[in-house]
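Visitor: Each chain, written out:
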Amino acid sequence: MQKNTTANTRFRTFRAVSVLLVIMSLFLSGCTGRNDVVIDVAGQDYEFETEPVCRSDGEPFRLAFMDLGPPIESSYLCLKGFAEGLQALGYISEGVDFSKAPQDFYEYYDFMLSQDLGPYVSFDEKPYMIGEGNDDEIAAQLSEECSAGRLDMVVATGTDPGIFLKDLGLDIPFLVCLATDPVASGIIDSAEDTGDDRIWALVEPNPYKRQFEGYRNMLGFDRLCMVTVNGMDTITGNPLYREKAAELGVVVDEINFSEEESLKDDYDEKIEEALRSADLSEDDAILFAYGTMDDENAPALSSFAADAGIPSLIGDGDSISENGGMMCLSCFDYEGYGAYAAMVASNVFHGHNAGDQPCIYTSSPHVVLNMTTAKNSGFVTTFDLLRGIDRIYR
Amino acid sequence: MKAFLREYYIILIITVMSALALCALSYLTVLDYSFANEEQYIVTCNESAVEEIETSLRYGKRLSNYYGIRQVLLRSRDLVAEGGMDSIIVIEDADGSVIATTMEEDHFVIPMSDYKAIEQEIHDGADNTAGILKTYYSKDNVVSALLPSAVRSTLGSLGILIVLVIVLLAAGVRKNWSANRVVAAAVAAIILQGVFLTAVYEQEFVKASQKSITGVASYIGASIDGVLEKGVAIDEIADLGDYLEKKKQENDFIKDIYIERTDKIPEDDDLFAVGIENTDSSLVLSCRIAEGYIRKNVINMVLMFVATIILAVIVLKESLTLSDMIAFRKSGRFGKNVPEQFENIARAIRYGNFMSLTFEYMCLSFSALQIKEWNQGAWGLSPVMAAALSISICSIADIAGMIAMPAISRKINGRLLMSISAAVIVISNISCFFTASTAVMIIMRFFAGAGAAGTKQVRNEVITKGCSNEQERNSNLTASNMGVIGGLLCGLGLGGVVAGVFGYQATFLAGGIGHILYLLFERACIPWDMIASHTAASGSEKMEKNLMARAGHIFTSASAWRAIFMIVVPQNFLLMLIVCLIPGRIQSLELPGVVLTYANLLNGMTGLYIGEILYKILSRRIKSSLNIQALVLLGGAAVMFIMDIPAAYSLVILVAASLAGLLDGIGTPVSTDLFLKNGAIMKNLNGTESLMVYSVISSAVMAAAPFVLELCEKNLIWMLSCGAVLLALAAFLFMGRKKAA
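Note that the protein sequences, when read in sequence, are chains A and B. Per my numbering, the first sequence starts with residue 10, numbered consecutively. Per my numbering, the second sequence starts with residue 241, numbered consecutively.
Bear in mind the hints are in silico, worked out from the structure with no lab data behind them. Treat each hint with caution, since some may be false.
[Said to hold, decoys possible] Below, computed lysine-lysine pairings styled on DSS-like, alpha-carbon distance capped at 25 angstroms:
#: 1; chain 1: B; residue 1: 470; chain 2: A; residue 2: 89
#: 2; chain 1: A; residue 1: 384; chain 2: B; residue 2: 356
#: 3; chain 1: B; residue 1: 488; chain 2: B; residue 2: 356
#: 4; chain 1: B; residue 1: 487; chain 2: A; residue 2: 109
[Claimed, not checked] Sample of chain B residues facing chain A (criterion: CB under 10 angstroms; computed from the structure):
#: 5; residue: 302
#: 6; residue: 309
#: 7; residue: 467
#: 8; residue: 913
#: 9; residue: 957
[As the list claims (entries may be wrong)] Over the 12 angstroms line for every Cβ pair with chain A, so calculated as not near, a few chain B residues:
#: 10; residue: 301
#: 11; residue: 865
#: 12; residue: 946
All C-beta atoms, glycine included, are put in the ideal place defined by N, C-alpha and C.
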């Protein structure tokens with residue numbers, strides 16, 4: 010009897026253990042490969058279809074480029090960014106060596122035309138430049154090209170070309186990859202909804218505030234002299250500079266001119282005179298906002314600042330730095346705009362509406378430095394700073 | 241010859257395993273060094289990508305709309321490739337979502353058997369972590385470069401082993417060598433192998449450094465060229481010297497880096513020069529290799545060899561009794577109530593514990609590391625929390641299991657309980673080896689903890705039932721403690737080697753196989769029938785029911801409280817010195833990792849060998865166990881007082897670790913004995929139950945002690961206060977003994 014009880018206990022124990030072992034073994038069935046990392050690209054806010062495609066008839070997409078003449082450096086950079094962006098996506102043959110292309114808008118365009126771009130895209134024979142001659146002729150020519158089906162898309166740089174194209178009402182999509190404020194100028198309704206399936210325009214968020222903060226990070230100033238001109242606030246961004254200065258606790262000594270003063274012949278002398286009479290001893294830098302320092306007065310104004318040991322910072326325009334302004338940090342990455350427009354173009358080539366594409370693009374900073382002025386100002390050029398600078402002028 | 245082999249085959253097997261471990265260790269050390277160098281190179285190459293991305297983020301860009309970021313990653317990948325390394329670069333945002341990669345595909349798998357990963361944080365303007373740049377680089381390049389040396393070292397090691405076997409067969413058999421002489425010959429062979437491996441791999445350290453320094457010099461040269469290309473004169477770079485110094489600091493293999501004007505680069509194996517192209521003069525960037533860094537790594541490898549050899553000697557020494565135990569098992573006296581049987585039970589307890597603890601500790605900490613490597617949480621827990629849970633759940637299951645085991649052991653006999661417990665551990669470990677799921681890993685660690693509780697219950701039964709008098713029970717307790725110390729020491733050491741060679745999960749496979757061996761050993765060498773008959777004969781088993789009530793009853797006794805708080809608690813607190821205080825101290829003093837290895841080694845060795853001898857001497861000379869325990873607490877106070885001596889840090893740490901080992905070797909059997917002899921405990925619990933309660937209290941103290949020791953490590957007042965408390969307890973024990981006398 011006792012033996013039977015022991016045997017039963019043992020049997021029950023074995024049964025319980027067997028169940029336990031079976032449950033544990035079941036976990037083994039869930040085993041998969043070990044030590045592998047699975048990568049799933051979640052992507053970014055918006056995904057682009059980057060696989061190159063031809064037109065449905067097998068022909069390359071025909072593109073036109075439009076700008077306000079005469080082209081300035083930003084036009085060239087946008088064109089360059091757009092062409093090289095298309096190449097990075099595979100729309101332009103890898104064999105085209107853009108590093109050999111000249112650094113001039115027209116010459117760059119001609120270089121493109123001289124190359125075998127491959128089966129996906131081709132460019133119209135000449136860029137369309139409004140403001141230089143008869144714009145009506147350009148309008149007629151574009152309309153004719155479109156109705157004949159010889160043109161698939163127009164890429165424009167500048168506010169005026171954007172408005173021009175919108176007014177023209179072409180059937181084909183157009184991309185405005187450079188306009189100071191495409192919403193305020195009426196090219197698009199808003200960054201979220203362009204208001205027209207055919208129109209896309211790039212919107213740069215808060216470029217002036219980011220520029221001001223960028224200068225602050227780079228130079229670490231606490232007190233700044235700011236030379237400004239009233240009016241044209243959309244282009245100059247002066248109210249936004251002031252707002253950002255207040256946010257960062259930077260004291261601003263402002264030298265301000267009216268729009269009328271800025272149009273007079275003695276404007277350059279007046280700026281210089283105002284600077285001479287101002288007490289700049291406490292200022293760590295001078296920011297020449299849009300409409301104050303230009304290619305002509307840059308040598309004199311920057312020399313004055315350099316002699317006082319003060320860095321001269323520029324609102325916008327690489328060429329002003331080339332002519333003497335110590336530094337231009339721009340949050341308008343023109344080349345990046347072109348590259349981004351290339352991605353938008355790819356989506357349009359894949360059959361998406363231009364108006365549905367994301368308009369907001371935040372630039373990486375573009376910085377140029379005039380080394381001669383920097384040295385004269387006593388500005389310390391560190392290795393990290395120089396590495397981050399896109400171009401050095403002397 | 242057959243008799244000789246039969247007697248010493250265990251030693252030969254362990255020698256072969258030690259030789260394999262040395263081969264693996266040397267290869268791993270050089271491999272690690274090569275990987276570390278490659279990683280420093282990758283970090284340097286990724287510097288420009290990280291800077292570019294961070295600059296953009298500072299100016300308001302976000303990773304989620306950083307279109308074209310893939311181009312930045314591709315440039316970095318191309319830079320890394322210039323150093324001859326294939327890589328996949330991935331950028332994730334702060335939430336771990338993959339933003340972009342250098343691969344064309346949006347979904348792919350990176351086999352970590354072929355790749356290693358290095359992470360660099362990306363910060364935004366507010367210095368918050370905005371994302372992580374992960375570079376998965378192919379191991380193939382490094383591994384194939386080391387292959388010739390690995391083959392050479394394996395063949396050389398094999399040759400040394402063959403010579404050893406020939407010597408043993410020729411001289412050992414003919415002259416009938418003793419076990420000590422055979423062990424000496426085996427150790428000599430392993431030392432010879434260590435010397436040979438050092439000679440083979442030394443050149444690999446140099447080659448790895450040369451390769452990395454070439455890559456870094458090219459990168460820095462190209463960076464400077466990039467700046468000069470913009471039209472900057474070299475003397476216009478204000479802080480070039482600081483930049484070069486920073487690069488030197490980032491790359492340990494660089495002793496010196498400078499730019500010089502020279503027409504002729506000197507012929508020097510330790511000097512790597514790269515021409516600066518965009519200048520009108522002959523400027524050269526020169527990098528000098530850090531011989532000291534290489535030497536330090538070679539010394540480190542040699543020290544690791546020595547540590548491994550010591551571990552091998554411990555395993556050999558512990559295993560020397562195995563042949564005797566097997567021989568006794570085959571004799572007719574096995575399972576009889578004869579003095580040799582009880583001696584063999586003590587031996588079997590020691591060796592069984594040694595095996596069990598070795599294989600338990602071999603994989604104990606690697607579940608957490610594996611979960612962290614998977615970066616996979618479970619049940620809503622983050623990976624870090626899940627990793628911590630995988631460790632603590634094992635302890636929880638262990639404690640809960642120990643409480644439940646007496647009830648279970650009333651139902652089934654010791655042999656069956658041991659078999660089931662070992663089988664549960666084996667299956668848990670093998671599941672941990674196969675699984676890729678954090679949840680499964682945690683559940684299996686729970687079962688492993690429960691299994692460990694079962695083996696402890698059986699061990700306690702064997703200790704208390706496998707003796708015919710108190711002296712034999714004390715021998716069993718001492719043997720058990722020695723097995724634990726040896727197992728801890730070897731388990732942690734061997735686990736590191738197995739994890740390093742085969743990955744973290746392989747430690748579970750090794751642990752599982754080890755527990756199968758343990759199961760075979762225990763079933764064969766423990767006289768289960770005799771222990772069962774002792775259990776049946778002992779009257780104490782009659783009061784087995786209401787264990788919790790009886791265990792609770794002991795806490796109504798003041799003498800039981802005294803035993804717990806003046807003996808058991810401080811003793812177990814002292815055991816944690818080597819686990820928490822000493823590693824923390826080494827870390828805060830930034831001492832090399834090898835100091836920790838040697839601290840563990842010395843702790844184990846002094847506890848295992850000197851502690852045992854001292855315990856015997858003290859037991860003979862000092863009649864009162866309370867006085868011995870008081871001495872142990874005095875020693876503990878001394879450790880706390882010397883830890884903060886502001887000189888010869890490594891030496892102080894090593895002395896403290898050795899002293900802590902002695903306190904373990906002497907104090908644990910004494911405190912266990914004092915606890916078991918306590919009147920209130922004897923009255924309410926049988927021997928096995930008393931040991932169970934002791935184990936539960938020990939586990940609780942060991943769970944709480946890290947918090948106190950962390951405070952001690954951070955704050956001198958806590959350290960000195962703990963020392964003072966130990967001192968006071970020692971005085972109380974001493975006075976209590978006099979009063980009792």
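Visitor: Check each numbered hint from earlier against the structure, then list the numbers of those it violates in ascending order.
Guide: Structure breaks hints 2, 4, 8, 9, 10.
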